[in-house]
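2 protein chains.
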Amino acid sequence: MSYHSQSYAPSAPPAPDPNGSGYPYPPAPTNYYGHTSYGSHGQSDFPPGTHPEVIRSFQMVDRDRSGFIDESELQLALSSGYQRFSLGTIRLLMFLFKNPRDSLRIRPKEFAALWSCLGQWRAIFERFDRDRSGKIDSMELRDALYSLGYAIPPSVLQVLISRYDDGSGRRVELNFDSFVECGMIVKGLTEKFKEKDPRYTGSATLTYDTFMSMIIPFLVA
Amino acid sequence: MSYHSQSYAPSAPPAPDPNGSGYPYPPAPTNYYGHTSYGSHGQSDFPPGTHPEVIRSFQMVDRDRSGFIDESELQLALSSGYQRFSLGTIRLLMFLFKNPRDSLRIRPKEFAALWSCLGQWRAIFERFDRDRSGKIDSMELRDALYSLGYAIPPSVLQVLISRYDDGSGRRVELNFDSFVECGMIVKGLTEKFKEKDPRYTGSATLTYDTFMSMIIPFLVA
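Going down the list, the protein sequences come from chains A and B. Numbering of the first sequence is given in this note's numbering, commencing with residue -2 and proceeding in unit increments. Numbering of the second sequence is given in this note's numbering, commencing with residue -2 and proceeding in unit increments.
These aren't lab readings, by the way, just hints derived from the structure by calculation. In this text, all values refer to a predicted model and were calculated from it rather than measured experimentally. Note that beta-carbon positions come from the ideal geometry of N, C-alpha and C, so glycine has one too. A portion of the hints provided could be inaccurate.
Heads up, simulated BS3-like pairs for lysine-lysine below, C-alpha to C-alpha not over 25 Å straight-line [what the hints assert, rightly or not]:
hint	chain 1	residue 1	chain 2	residue 2
1	A	193	B	184
2	A	191	B	95
3	B	95	A	189
4	B	132	B	193
Here are some, though not all, of the chain B residues that point toward chain A, as calculated from beta-carbon distances under 8 Å [claimed, not checked]:
hint	residue
5	149
6	182
7	201
8	209
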């Protein structure tokens, strides 16, 4: 299955091929060049076996080798493997993947996890973008989220997709950036809910403070 | 107490004086000119006693007299009495004040309610903006929200205000637009929570579907 990245924004670099041998997701048993990332990159904080492209993308923006990258650097780093995500999506990704104790910055380990997750989502997106238009509609979004393990009510789906309605009356379609944004909102909120429903009963009791603390980070992301 | 609206964006029109006799909030017992809005504006849907400025602002943008205004029209209509709010704030206001059964549009009655609410919030904002800088800091935001009836946990306040941190290391300050956005997020989420906690116990039991349906509209607003 080849993917025509040209259907995305013209500035986007070629997407990694999810089925290619060099693709970092699922985790390769050893790394691309047959030696550990540690060995070739000094005191790297990347997990063993991290694909060199992931390390290169991170180091390209972390010029002072501080071991952290900020929002705009993350935007640039991901653009080498995926595309230039909107700042809204980048903020959401950073919020969901950064260490909760850190301020707004990403470490190598978290960057590798994010890169892998995006690889999986790209594969799902491509599977449901059957006509290779670079866009999926609301029913395809529902199926894509379902295949990621999220069964969301139709009313929620409708509200979610209304974000991308330009008011022209045309059928709403999502590009990969918007798909990632939608999916990360659903993933993030679902995980927060599950924390409060550890036995998966389908309902949770929340105090007002907990409720507010759970949600507001999503609003400011 | 006079308010120097010059400290806001230069394009902002003069703010209504909350203590002036012509100010539409709190509701005047009769309207400004001593006759009902209905009489002077034909088949108006404005409540009796609506201030003519509110009606004028609405009708200025509702050129076809359809009785509805959309997002960008709301932005323009409010700019005559307050300032030009960001589209993010406008979407949040529309979501919170429109009839839930309507799509993204505002009717006269809702517009009048929104205008009144903003008048109250402007008065609160001015009270806490003690140096008349046109900005309030996080502690003033906390006190302002408290005076509106919302006691939010410090951790939530911190996350909320981080939205407006430009990363420069300077103390975060909010202009009226950001204050309204913050306040409306708190107001909206609190009201949603209260619906599920009608006896005000401070905690609520939510199903996953309810939880998602409650929150996602705020994320897409």
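Comparing the hints with the structure gives:
Of the pairs offered as hints, the one joining residue 193 (chain A) and residue 184 (chain B) holds, with about 23 Å between alpha carbons and a cut-off of 25 Å not exceeded. Restraint check for residue 191 (chain A) and residue 95 (chain B): not satisfied, since their Cα atoms lie roughly 32 Å apart, outside the 25 Å limit. Using a Cα cut-off of 25 Å, the hinted pair residue 95 (chain B) and residue 189 (chain A) is violated, with the two alpha carbons roughly 29 Å apart. In summary, the hint linking residue 132 (chain B) to residue 193 (chain B) is not supported, as the alpha carbons are separated by about 34 Å, beyond the 25 Å threshold.
For residue 149 (chain B), the interface hint holds, since its Cβ comes within 8 Å of a Cβ in chain A; the closest pair sits about 6 Å apart. The interface hint given for residue 182 (chain B) holds, since its Cβ lies 6 Å from the closest Cβ of chain A, which is under the 8 Å cut-off. Taking 8 Å as the C-beta cut-off, the interface hint given for residue 201 (chain B) holds, the closest approach to chain A being about 6 Å. Given the 8 Å rule on beta carbons, the hint for residue 209 (chain B) holds: about 5 Å separates it from the nearest Cβ of chain A.
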